[in-house]
Amino acid sequence: MIDAWSTTGGGDELAGQNPSDPAHVARSVLANIRGAERAGVPARLCALCTELLPVTGASISLMAPASAQRLLCSSDDVARQLAEAQYTLGDGPGTHAFSTGAPVFAADLSAGDDARRWPLFALRALETGAKAVFSFPLGIGAIAAGTLDLYRDSPGSLTEAETGTALLIADAATLGVLRLYAGPGETEYAEGDGDMDWLRGESDHDGVHQATGMVMIQCDVGAEEALLRLRARAFASGVTLSALAREVVERRVSLGESDRA
Amino acid sequence: MGRDRQLSDAFVGLADTLGEDFDVVDLFERLAAQCVALSSADAAGVMMSDGRGRLRAVAASQQRAAFLELFQLQIGRGPCVDCFDSGRSIIAAPIEAHAERWPQLAPAVLEAGFGAIATVPLRLHEKVIGAVNLFYAGPDPSADEDLYLVQALSDVAALAMLRWPPARTRPEDIIARLQATITNKVAIEQAKGVLAQFGGLEIAEAGEALRAFARAQHARVTDVARAVVRRTLPPESVLGHSKAAPRRTTGGGA
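Chains A and B are the protein sequences, given in the same order. Be aware that the first sequence starts at 1, since it is given in my numbering, and climbs by one per residue. Be aware that the second sequence starts at 1, since it is given in my numbering, and climbs by one per residue.
Calculated directly from the structure, the hints in this document are not laboratory data. C-beta: ideal position from N, C-alpha, C; glycine also. Treat the hints with care, since some could be wrong.
[To be verified] Using C-beta positions, here's what the derived DEER-type ranges look like:
no. : chain 1 : residue 1 : chain 2 : residue 2 : range
1   : A       : D76       : B       : L162      : 47 to 57 angstroms
2   : A       : D91       : B       : G13       : 52 to 62 angstroms
3   : A       : R252      : B       : D140      : 38 to 48 angstroms
[To be verified] Over 12 angstroms on every C-beta distance to chain B, these chain A residues come out as not near it, computed from the model:
no. : residue
4   : D76
5   : D91
6   : T165
7   : R251
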């Protein structure tokens with residue numbers, strides 16, 4: 001699987017052979033959201049979950065730290081009710097995924113560990129017809145923006161490859177959701193290559209995250225905004241995000257207002 | 001301290017995940033440090049699968065080792081990648097002898113001041129979830145003598161990562177734990193950036209300040225990091241503390 005990612009640019013021969021190949025999944029995710037308006041991206045990603053994964057429905061919730069949870073989009077009414085049940089109960093797989101920054105897999109809410117772990121939510125979920133729920137956090141490190149929640153109308157877990165696909169869709173949804181917070185015009189971002197680099201693992205670089213923290217202080221903005229500004233600057237300068245991050249960490253580039261000239 | 005005592009302390013230390021301050025990133029940093037302390041390796045690093053078909057570097061005993069890990073991940077080649085794919089230990093000593101197999105890596109390893117690399121798989125219930133890399137200054141280390149011990153330390157740390165769950169472990173529990181580790185690691189890097197920029201520090205110094213503050217406050221490093229990045233803990237509190245009282249362990253408010 002590693003090789004699928006390392007054959008940069010030559011990955012096309014792999015496409016079509018194995019639909020769960022990560023590079024292939026990343027390409028379909030991007031093809032699916034290309035050209036969409038910012039506000040329409042989350043709904044497209046929800047729909048894509050139901051196409052690429054053995055799930056019945058999907059929803060994306062925003063959870064800004066200081067305010068209430070908010071349903072951003074849902075692929076059907078059950079997905080909506082599941083999200084709302086968690087807001088009301090204050091607990092459930094999505095709430096847990098959000099606070100831990102790790103996915104939660106409740107493959108069978110009708111019995112066993114999953115039912116015991118969230119007794120009230122499980123009861124409510126079964127009433128709506130959902131038998132399994134999988135929640136993926138949308139965020140990067142300390143940035144926690146919301147969750148992508150999937151449900152199935154029959155019990156059963158995701159395979160490892162399906163989980164990988166869901167994680168990649170969640171990565172794309174994280175960017176999509178962060179952009180909703182961004183001010184118009186100020187943070188024009190790199191569609192296409194920039195997003196592909198992100199899904200290919202640009203966030204693996206420590207430097208990107210260190211630079212995010214540095215730009216927070218340079219520009220007096222939150223982490224979300226700092227990351228978007230870095231991406232926008234990289235795009236405008238025609239360099240990769242990781243290359244720009246290295247310049248920032250080594251203090252050859254600053255994004256602060258006074259340093260802009 | 002005798003060798004036996006050192007070994008048993010290492011195993012007990014890695015397995016102890018019951019404390020309130022248990023932190024998975026910290027666990028793997030301790031694993032890297034113990035590998036260096038107890039084997040003949042001069043540096044060590046830990047990588048884990050990210051569930052998306054890639055490996056990620058999560059801990060390293062020093063910067064040069066961290067760089068070489070990232071380098072292998074970027075070019076997608078090297079002993080750590082091969083070890084992860086095959087699930088088998090690899091010794092590349094001296095590294096020049098493997099220049100044909102890893103043409104880009106070999107010169108980078110020499111450049112970084114190392115002569116040999118060894119890698120053992122990080123395993124959990126028969127599943128390979130990552131790799132532990134050992135870096136040797138000399139070209140001809142007694143790496144094969146290290147592998148058994150490092151594998152044992154790694155196995156204990158991997159199990160500890162799951163906090164010895166009482167019930168059966170499902171594959172998705174492993175993925176969830178790996179993701180939590182990555183989230184925590186990234187939060188720490190973000191916080192280091194905030195502190196480095198605010199205090200005019202190098203990244204490594206910022207990391208030390210973060211850890212010193214967490215130790216003094218008896219807080220988890222990842223919790224402190226999260227508070228810094230979410231701007232609920234001012235950077236001056238963290239930095240002011242480390243300058244004013246670098247070694248005090250009695251806490252005493254920020």
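Numbers of unmet hints, in rising order: 1, 2, 6 and 7
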